[in-house]
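A.B. asks: Given next are the chains, with one letter for each unit.
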Amino acid sequence: MKKITVFAIGLCVSIQLSSQVSSELLRRGVRDSIGLPLNMNAIYNRPFLKLNKLPLAIGGYAEANYQYAKENGIGEGHQFQMRRMTLFFSTAIANRFSYLSEIEFEEGTKEINIEFAALDVEFTSLLNLRTGIIMNPIAAFNQNHDGPKWEFVDRPIAATQLLPATFSNVGMGLYGKGNQNDWSYGYEFYLTNGWNDKIIANDENKTFLPAVKENKDRFEESFNGSLLATSKVSLANSKFGEFGLSWMGGVYNKFQDDGFVLDKKRRADVFAIDFNTKISKLQTSIVAEWAWVIVDVPATYTEQFGKKQVGGFVDVVQPIYKGKIFGFENSILNAAMRVEYVDWNKGKFNSTNENISEDIFSITPAISWRPTAETVFRLNYRYQWKTDLLGNPPSKQGAIQIGVSTYF
Amino acid sequence: MNKKINSVVGVLVAACVLVVSCAKLFPKAPEDDAVLDGPVEGLTAEQKAIFIRGDVAFNDEIFTPEKGLGPLFVATSCGTCHAGDGKGHPFTSLIRFGQTNSLGNQFLNQGGPQLQNRAIPGFLPEQIPIGSTFSKFLPPATTGLGFLEEVSDATLLSLSDEFDANGDGISGRPNWISIPSYVNIRRDAIIQNGKYIGRFGRKAAVYDLRQQTANAYNQDMGISSNFETIDTYSGQVVDAEVANKTIHDVVGYLQTLKAPIQRNISNQEIISGKQIFIETGCGKCHTPQLTTGYSSIAALSRKQISPYSDLLLHDMGSGLDDGYTEGSALSSEWRTTPLWGLGLSKQSQGGQYFLLHDGRAKTIEKAILLHGGEGAQSKNAFQQLNAQQKSQLLKFLESL
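Note that the protein sequences, when read in sequence, are chains A and B.
Start counting the first sequence at 1; every next residue gets the next number (my numbering).
Start counting the second sequence at 1001; every next residue gets the next number (my numbering).
Take the hints with a grain of salt, since some may be wrong.
When the alpha-carbon atoms are kept at most 25 Å apart in a straight line, the in silico DMTMM-like pairs for lysine to aspartate or glutamate are as follows [unchecked claim]:
id, chain 1, residue 1, chain 2, residue 2
1, B, 1067, A, 120
2, A, 70, B, 1033
3, B, 1067, A, 182
4, B, 1048, B, 1066
5, B, 1366, B, 1322
6, A, 110, A, 221
7, A, 70, B, 1041
8, B, 1195, B, 1161
No lab work stands behind these hints, which were simulated from the structure alone.
Because the structure is a prediction, the values reported are computed rather than measured.
Could you build the full structure based on these sequences and the hints that come with them?
C.D. replies: Put into structure tokens, the structure is as follows:
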């Protein structure tokens, strides 16, 4: 535990170091300023750097942390983790033609993913074509997932273990955005390659949508010849915040092969709502997301694989100090709290007609310091209760995380 | 401004110190006697390594169609049936069918002896063939199995009284079984007409933990091995879908799981309850103490254990006779279930009891009252107890 204290104090000392990076060649790009920013704008609403007059903007973010966790008294000791480093490049090919790509390196080079690589063509602000590798806009986190935007080291459980976080696929679709007075509205609709049978055949031993990401072939071909549809509508008001409704669905099983019918078409559908607002008087930010998953699991498989799942999270972030800290003029010190819950199986046991458990409840109080808008230092404490399929006494996990996430 | 900075730094440092100095923020490990899992004390470094590998294979390895699951199966992992190494839940009951007497299973060509009641997509699970009787077996606890494996055949025979020579109404006998070629025959094995003494499973029809493990992979998950080579779906010899080493590791894990530890042993109510347990004759089958023989695992060798079982078959009466059996057991005969760990069963069964071979008893008292045959005397004695005595007996059983 002494190491944690030493690291924490070291962290406080290190933040006094001022940045040495300054270049006349690099300048910050102009962000989307049409009406209120929506989650759908997150892909471009990043601190890109433009190289002189070249039509290329570059950027990225990285996040790393220290972690000490124990589950029922047993842990892996002290850990440093390089969660991810992401690079993005944006190019204005021509007027109203732009291309953006996002490449992520997770845990060093353990996973390298092209999360986004798409051409956007603007016909009007309400009608844009997007084609390439698209990030499916289910709920809010999937689109708006950059680490520096969040006060928490871990991504929300519902976004990573119920829904497939940063789930991207090759395909195409339309999106648009409009605004009137205090209101903004947007829509997105894409058809992509997508699901596969890993949803019910995975190492998690439960219905697990994130397992679909294991299929790297999805960028080359559809697993079953069916397309995944994703759509989202958003409505935002400058006083009340943004509200989003989204749906993603398609066939996940290999229902035919080489001309032979193997099974009926089995669907997996996700419905989600998301909401974010800022209470202007208190400057309190609230982000919430809730999702329902419905999967057509064969009755002859095992009820261990749930047909219905639910889950979501609420983040509340309260600035407690704004001002100069260690020479950073616009520092913000936040207190934050995340509450999250996921139930991977809303079913009942055939044998007893009693509820199946398989759920998790987690709370994460946090303190974060933002010396600039693009960088966040975090101190998180997570406590969670995870109940197994049968509803046995939950395993309890406590974790302390100290980390940093920054755009560069 | 300096004050402000100092305040902020103070808040941060205080938060860090508070967090790291408060051990209560991290959940404590449960006491050894509060859980069933965990290794036996005194293992060598090599045995600990095997335990850890076996633990991972047993509890974490999930079989999928890609990894060989099925196509017909009951569960997708060992841990699915044995959560926390405790008793199982009706969700993973094993349904056995096709044998009514010692002449063997008459339905082996129709999927016997075990029903694979689940199937991967595109396949249909088995149905119980018309004309076949069946029984449901709840997965047993896996703790302490290594100790039970090391009890000598001679000890078991010394406890048996097949023809009730002492006239106490209890006539335990071993299940004489045929064994597969891959089991490790005990150095002190007692053989009768080419048959060996079985000791694992509800009918004591399994010789050792290797047979139990290879059978479970094959019959429960549809995973073939070099020990059990036949695919349960096609009936064909197929390539092994699990490595020999994994089987060995899992066997090593099961052998070295600790024996359940009795709790509140000095509590007067529990001491009285144990006395009542003996006086009502429960201990005649649920033998309180056994001693293991020599074991190559020193931690298991020549140890006194308290499984509360004689590992023998007893006639439990018509009420518990499902018309199905294994080996030379009668369909009304059941191996005495070890009672150690009984009080912790709820922690692995979803917060409630599912007792007896098929989980039909939801309380310990109900389980006692369902005893018939050789167990009828003890059941009657239990019914004669006053409320305080019953309470003491039940507290004792829950302490196991």
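A.B. asks: All the hints need checking, so say for each whether the structure fits it.
C.D. replies: Now the hints, each set against the structure:
no.: 1; hint: 1067/B / 120/A; result: violated, 41 Å
no.: 2; hint: 70/A / 1033/B; result: holds, 20 Å
no.: 3; hint: 1067/B / 182/A; result: violated, 56 Å
no.: 4; hint: 1048/B / 1066/B; result: violated, 30 Å
no.: 5; hint: 1366/B / 1322/B; result: holds, 18 Å
no.: 6; hint: 110/A / 221/A; result: holds, 23 Å
no.: 7; hint: 70/A / 1041/B; result: holds, 23 Å
no.: 8; hint: 1195/B / 1161/B; result: holds, 19 Å
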